[in-house]
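Please construct the entire structure, taking both the sequences and the accompanying hints into account.
Single-letter residue listing:
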Amino acid sequence: MFRRGSDRAGAVHGPAHTVLAAVLPPAAVPVGVVPVTAGGTTSAMFRPRTVGEAVEMLAAAHDSGAAVALLGGGTDLVPALRSGERAAEVVVALRRVLELRVRGAGADSLTIGAGVTYTDLAGWSLSPGLARAARVVGSVQIRNTGTVGGALGSARPAGDLLTFLTAADAEVLTTSPRGSDRLPLPRFLAEGLAPDALVTAVRLARPGGPQVYLKIGERQAAYPAVVSCAVLVDRVRHRLTCAVGGVGLLPARMEAAERYARDEVDWSTGTVSSAAARRFGDLVVEAATRITPALPAGPRGSAEYRWHAAGVLAGRAFARCLHVTAPPASGPVGDFAAGGQP
Amino acid sequence: MGGEAVSGGIGRSVRRPDGPDKASGVFRYAGDLRVPGMLHARTLRSPHPRARLGRIDAAAARRLPGVAAVVTAADVPGVATYGLIVADQPVFAAAEVRYAGEPVAAVAAVDVATARRALAAIEVDYEPLPPSTDPERVLAADAESLHPAGNLFREIDIRHGEPGVDGPVVVEDRYVVGMQDQAFLAPEAALVSPAADGGVDLLVATQWLHSDREQLAACLGIPENLVRLTLAGVGGAFGGREDVTLQIHGALLARATGAPVRIAYDRVESFLGHPHRHPARMWFRHTATADGELVSVQANVVLDGGAYASSSPAVLANAVTHAAGPYRVPHTRLRGVAVRTNNPPCGAMRGFGVPQVTIGHEAQMDRLADALGMDPVELRIRNAVRPGDVLPTGQVLGAPLPARELIQLVAARPLPPPPTADVTGLALPGGLPAAAEPGRVRRGVGYALAYKNLLFSEGMDDSSAARVRLDLTDDGTPRVRVHSACAEVGQGFVTIAGQIARTELGVEQVVLAPADTAVGSAGSTSASRQTWMSGGAVRGACVAVADRLLARVARAADLPAEVVEAPRRTLRIAAGHIVGVEAGLRIGIADALAEGPIEADYTFHHRRTTALDAEGQGDPHVAFAGAAHRAVVDVDIDLGLVRVVSMALAQDCGTVLNPLSLRGQVEGGTAQGLGLALMEELITVDGVVVNPTFHDYLLPTIADVPDLDFVAVTEPQPDAPYGVKGVGEAPTCTATPAIVAAIRAAVGRDLRRVPVRPQDLVDLPTRPDLPTGSDLPTGSDVPAGVDVPTRAGVDPAGGASTA
Ligand SMILES: Cc1cc2nc3c(=O)[nH]c(=O)nc-3n(C[C@H](O)[C@H](O)[C@H](O)COP(=O)(O)OP(=O)(O)OC[C@H]3O[C@@H](n4cnc5c(N)ncnc54)[C@H](O)[C@@H]3O)c2cc1C
Chain A
1 MFRRGSDRAG AVHGPAHTVL AAVLPPAAVP VGVVPVTAGG TTSAMFRPRT VGEAVEMLAA
61 AHDSGAAVAL LGGGTDLVPA LRSGERAAEV VVALRRVLEL RVRGAGADSL TIGAGVTYTD
121 LAGWSLSPGL ARAARVVGSV QIRNTGTVGG ALGSARPAGD LLTFLTAADA EVLTTSPRGS
181 DRLPLPRFLA EGLAPDALVT AVRLARPGGP QVYLKIGERQ AAYPAVVSCA VLVDRVRHRL
241 TCAVGGVGLL PARMEAAERY ARDEVDWSTG TVSSAAARRF GDLVVEAATR ITPALPAGPR
301 GSAEYRWHAA GVLAGRAFAR CLHVTAPPAS GPVGDFAAGG QP
Chain B
1 MGGEAVSGGI GRSVRRPDGP DKASGVFRYA GDLRVPGMLH ARTLRSPHPR ARLGRIDAAA
61 ARRLPGVAAV VTAADVPGVA TYGLIVADQP VFAAAEVRYA GEPVAAVAAV DVATARRALA
121 AIEVDYEPLP PSTDPERVLA ADAESLHPAG NLFREIDIRH GEPGVDGPVV VEDRYVVGMQ
181 DQAFLAPEAA LVSPAADGGV DLLVATQWLH SDREQLAACL GIPENLVRLT LAGVGGAFGG
241 REDVTLQIHG ALLARATGAP VRIAYDRVES FLGHPHRHPA RMWFRHTATA DGELVSVQAN
301 VVLDGGAYAS SSPAVLANAV THAAGPYRVP HTRLRGVAVR TNNPPCGAMR GFGVPQVTIG
361 HEAQMDRLAD ALGMDPVELR IRNAVRPGDV LPTGQVLGAP LPARELIQLV AARPLPPPPT
421 ADVTGLALPG GLPAAAEPGR VRRGVGYALA YKNLLFSEGM DDSSAARVRL DLTDDGTPRV
481 RVHSACAEVG QGFVTIAGQI ARTELGVEQV VLAPADTAVG SAGSTSASRQ TWMSGGAVRG
541 ACVAVADRLL ARVARAADLP AEVVEAPRRT LRIAAGHIVG VEAGLRIGIA DALAEGPIEA
601 DYTFHHRRTT ALDAEGQGDP HVAFAGAAHR AVVDVDIDLG LVRVVSMALA QDCGTVLNPL
661 SLRGQVEGGT AQGLGLALME ELITVDGVVV NPTFHDYLLP TIADVPDLDF VAVTEPQPDA
721 PYGVKGVGEA PTCTATPAIV AAIRAAVGRD LRRVPVRPQD LVDLPTRPDL PTGSDLPTGS
781 DVPAGVDVPT RAGVDPAGGA STA
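Each protein sequence line maps, in turn, to chains A and B.
When we follow this note's numbering, the leftmost residue of the first sequence carries the number 1, and every step to the right adds one.
When we follow this note's numbering, the leftmost residue of the second sequence carries the number 1, and every step to the right adds one.
Simulated from the structure, these hints should not be mistaken for laboratory data.
Heads up, some of the hints might be wrong.
[Said to hold, decoys possible] Lysine to any residue pairs mimicking SDA-like chemistry, simulated, CA-CA at most 25 Å apart:
| id | chain 1 | residue 1 | chain 2 | residue 2 |
| --- | --- | --- | --- | --- |
| 1 | B | LYS22 | B | VAL268 |
| 2 | B | LYS22 | A | SER139 |
| 3 | B | LYS22 | B | GLY236 |
| 4 | B | LYS22 | B | GLY668 |
| 5 | B | LYS22 | B | ALA594 |
| 6 | B | LYS22 | A | ILE142 |
| 7 | B | LYS22 | B | LEU708 |
| 8 | B | LYS22 | A | VAL140 |
| 9 | B | LYS22 | B | THR693 |
[Stated by the list, open to error] Calculated Cβ distances over 12 Å to all of chain B for the following chain A residues:
| id | residue |
| --- | --- |
| 10 | ARG49 |
| 11 | GLY104 |
| 12 | SER109 |
| 13 | SER180 |
| 14 | PRO184 |
| 15 | ALA205 |
| 16 | ARG237 |
| 17 | ASP263 |
Just so you know, these numbers come straight off a predicted model, no measurement behind them.
Here a beta-carbon is modelled for each residue, glycine too, at the ideal position from N, C-alpha and C.
Structural data, given as structure tokens:
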């Protein structure tokens with residue numbers, strides 16, 4: 001359990017700290033090297049105030065050979081440390097790094113600091129789709145605590161933010177002793193983060209049209225997604241992107257369905273036929289069945305169900321982003337919402 | 001006794017004394033207890049569902065600084081095994097581990113982190129063996145025996161009426177129920193202190209102090225009087241604390257170290273550490289006349305008891321004796337087995353075998369109604385049992401059991417308004433995040449009727465003792481002190497005991513002594529029994545105290561000898577006074593107590609029942625309580641997501657002692673049944689639980705459970721104190737099948753598996769709801785000459801309803 005808040009400087013705990021104290025800039029140490037016990041391991045916790053300090057601490061810890069963990073909101077990390085699933089001799093807590101808690105808008109992009117919480121995002125009018133994805137995360141406690149950096153660090157197969165960012169062609173901004181870097185989300189996820197680097201922000205384009213995020217689980221609220229789906233429309237560039245979470249090890253882009261949409265949508269009016277909407281869902285199911293590696297069978301939702309549900313969610317999200325023409329008798333979406341049968 | 005004008009008597013919604021503390025987070029649960037100098041204990045568990053256990057080397061763990069003791073099977077001085085009914089479970093696995101999560105060793109250290117490190121330092125040689133996890137295979141002739149006691153915990157075969165008599169309408173199918181967990185919120189914890197006299201003192205969250213004591217003493221090899229238990233704050237139980245879990249381990253460590261030991265489980269261990277609700281595989285065959293009279297019911301139930309017996313034999317008796325439901329059936333053949341596998345042990349959980357069979361018999365009733373073209377409520381009304389009917393065990397049903405009235409009442413409750421097209425958010429299946437299409441949502445309504453036995457069955461004399469003392473406080477006000485070993489696990493004995501004492505003794509101030517083993521056993525807080533049994537004991541002790549008090553007053557007032565002997569004819573207690581109208585007497589209770597306090601003990605027994613004979617006949621159950629639920633659900637038919645829109649419940653409650661507590665019990669029971677219907681399932685893969693956290697084992701939240709529309713039927717139970725009935729279990733039995741029935745009505749497909757999963761409600765290439773290759777009887781097993789429809793489970797189109 002974390003014992004926080006002691007500002008008593010330099011409580012020496014374990015070799016990691018002794019080594020680090022020698023290397024670290026003096027300013028960094030007094031703000032709290034707090035011995036923490038989580039699970040079976042005792043760690044030293046550092047609380048940098050700037051990204052620069054954080055990087056120095058990371059690098060020093062890394063050089064000393066200590067196992068380091070970055071701490072955002074701790075909603076994933078703390079349970080993992082407690083259960084022994086992860087071990088860390090050094091914890092670098094990012095809460096006090098104010099520059100990570102900033103979100104901002106440029107002419108055509110949005111930048112969101114790694115320390116921004118779901119609650120911070122949930123009311124953000126500049127990105128209604130993202131706000132919506134943030135609003136359906138966990139419970140209010142998780143939204144108040146969980147951060148964007150943590151969502152990227154954990155990279156859950158059906159992480160809500162991750163699914164949305166995957167559809168949004170987001171870029172990940174990182175900083176390490178070698179400087180700052182900026183790489184597309186898929187590359188970040190494929191390559192992983194260097195042990196002495198941290199995520200400082202994500203960047204995505206300003207919305208260019210409707211964005212819909214849907215997720216399903218097995219109760220009415222506060223559930224982890226079994227399947228999730230984000231559809232983002234860019235009316236200016238005539239693009240529609242779609243990502244599905246909960247099928248593969250990471251959220252996946254539905255490229256065939258996206259190409260189909262690009263050709264089928266009447267971009268001058270933003271309309272599409274109901275047959276096209278149905279076909280869109282079917283294409284998502286086809287793509288979902290081919291995602292490799294597939295998520296191993298878990299406690300809930302068979303693979304077949306996940307594929308099916310991905311198609312239904314994609315069909316619905318698609319229809320909500322566009323005007324569907326020639327609605328069938330059973331209602332505007334009734335006909336194709338059941339689509340997505342393999 | 002007339003306790004008029006004393007507030008807080010029976011029938012009032014007296015608030016729980018621990019309510020504010022619990023609501024504000026300051027209540028001390030067992031896990032919150034600390035004493036200076038105590039050690040922290042943790043448990044080492046087998047990761048394998050089945051393995052031969054070789055060497056256990058704890059030398060390195062013992063050498064770690066801060067480690068005080070490591071105990072294993074070799075350190076158990078007394079009997080090596082324990083158990084609620086049969087002692088077949090090793091304190092620590094010795095030669096073989098039989099389930100994943102079975103304790104192998106325990107460690108006490110200066111802090112939790114050191115204890116954890118010590119666990120990691122214990123070297124255990126496991127030689128994994130192939131686990132037997134299919135409950136339908138372990139009784140096969142060639143199946144390996146998993147324990148010296150064999151793989152069969154119990155078999156019951158009830159034959160009633162004539163074999164082979166059938167009605168023309170036949171409905172037959174198989175049903176599967178998954179493993180529900182009690183999932184109480186405060187994990188197992190105890191504080192165990194060694195005592196100077198060689199004994200141990202335990203502060204522990206349990207359901208049955210005296211049963212724990214008996215098992216502890218046997219395994220520790222010391223007399224029971226040296227094992228003293230006091231109930232610590234219990235955060236939920238639901239049957240999951242009826243078995244011993246960490247008690248013996250903690251006591252061994254306290255005795256080994258000579259220091260107080262805090263032993264506790266974390267959430268994952270809690271999911272592994274206590275027995276769960278039995279998963280069931282069931283086959284039913286119902287036949288009826290063309291106008292809907294049940295003619296015969298056959299059932300075959302397989303309960304997976306997991307690695308050890310726990311209460312499996314008793315759970316099975318409940319399941320089988322209730323398998324035909326609260327219906328009059330002339331001809332029954334109800335069979336069942338509880339078997340040993342290498343799955344997690346299963347035992348007591350709210351409903352105790354009845355929820356499983358209710359899921360089966362109620363699904364059958366709906367399908368029978370379909371086959372008959374009859375309304376499901378009408379079919380139930382027509383067949384509902386009445387007092388005086390003979391049950392499948394030959395037991396004559398006692399009054400009251402208003403089964404017909406219950407189903408009629410619940411069916412008459414107003415229905416919720418139909419779904420509107422513009423409904424959004426939480427009001428749709430899947431809630432806000434799913435944002436379902438209102439146009440793709442279908443509504444369904446379903447009913448379930450059940451009865452559940454009250455108190456222990458089959459000849460058990462599960463009596464309850466209580467001690468009541470009436471004395472004066474320092475400032476001279478009368479006070480009642482009630483001492484009972486009844487475990488308060490949330491059911492409300494803490495209010496009921498005071499209400500009874502106030503009513504009987506006319507004294508407002510009542511204190512409840514801590515529940516402990518210094519007084520006689522109150523029996524288990526289970527089987528819907530404590531208000532009846534321990535309430536009866538408290539009442540009996542209060543009456544004895546009152547009799548002595550009145551006799552004392554009569555004597556003091558020089559009333560005739562016959563009044564002193566039977567003072568209640570002349571004197572009564574009314575609001576702090578003893579009043580004798582004819583004798584012109586009125587004296588304050590405080591004055592009568594000046595001479596000294598009055599104390600009395602009382603032991604309450606329920607009526608005797610009998611065991612089942614070879615034909616499954618007898619008088620096994622003390623009494624029953626009935627319940628009927630109506631569920632209304634909305635289903636997103638594309639995604640298979642379900643939202644429960646409304647729940648109505650009519651329940652046979654007997655006299656209501658505390659309306660607020662009653663409401664708590666029936667709402668909780670409904671929520672727990674809802675959980676089983678839709679989401680609560682511990683999933684095992686090759687015997688290993690894969691979802692032992694609240695992230696993956698989903699409990700219903702406030703967003704999932706609608707307000708309960710509740711009607712109590714309050715016909716008094718004649719042989720119970722004040723006419724009470726137990727109320728906690730019956731609604732759990734009916735909530736699940738009512739919801740399943742409502743889903744079935746919404747989606748138009750037969751459902752054979754509980755919990756119902758989204759994947760069971762949509763069209764997928766394969767239908768995964770039943771295990772394949774099952775040994776449960778199907779058509780081939782029914783009496784010759786009966787035309788049996790399609791085999792269920794093989795026919796993916798489902799259904800075996802024919803008319
Ligand atoms: C009860 C509960 C419900 C949840 N529900 C949901 C849900 O509905 N949807 C959902 O998507 N998730 C859910 N989660 C998961 C989790 O809360 C989120 O993914 C969250 O974003 C994690 O953020 P955090 O700040 O708490 O991360 P932490 O736990 O602090 O860290 C998570 C990981 O990221 C790393 N990390 C943290 N910050 C950085 C950084 N700046 N750079 C690099 N690595 C970093 C950590 O080292 C760690 O490996 C839930 C979790 C819980 C406990």
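query = Which hints from the list above does the structure break, by number from lowest to highest?
reply = 5
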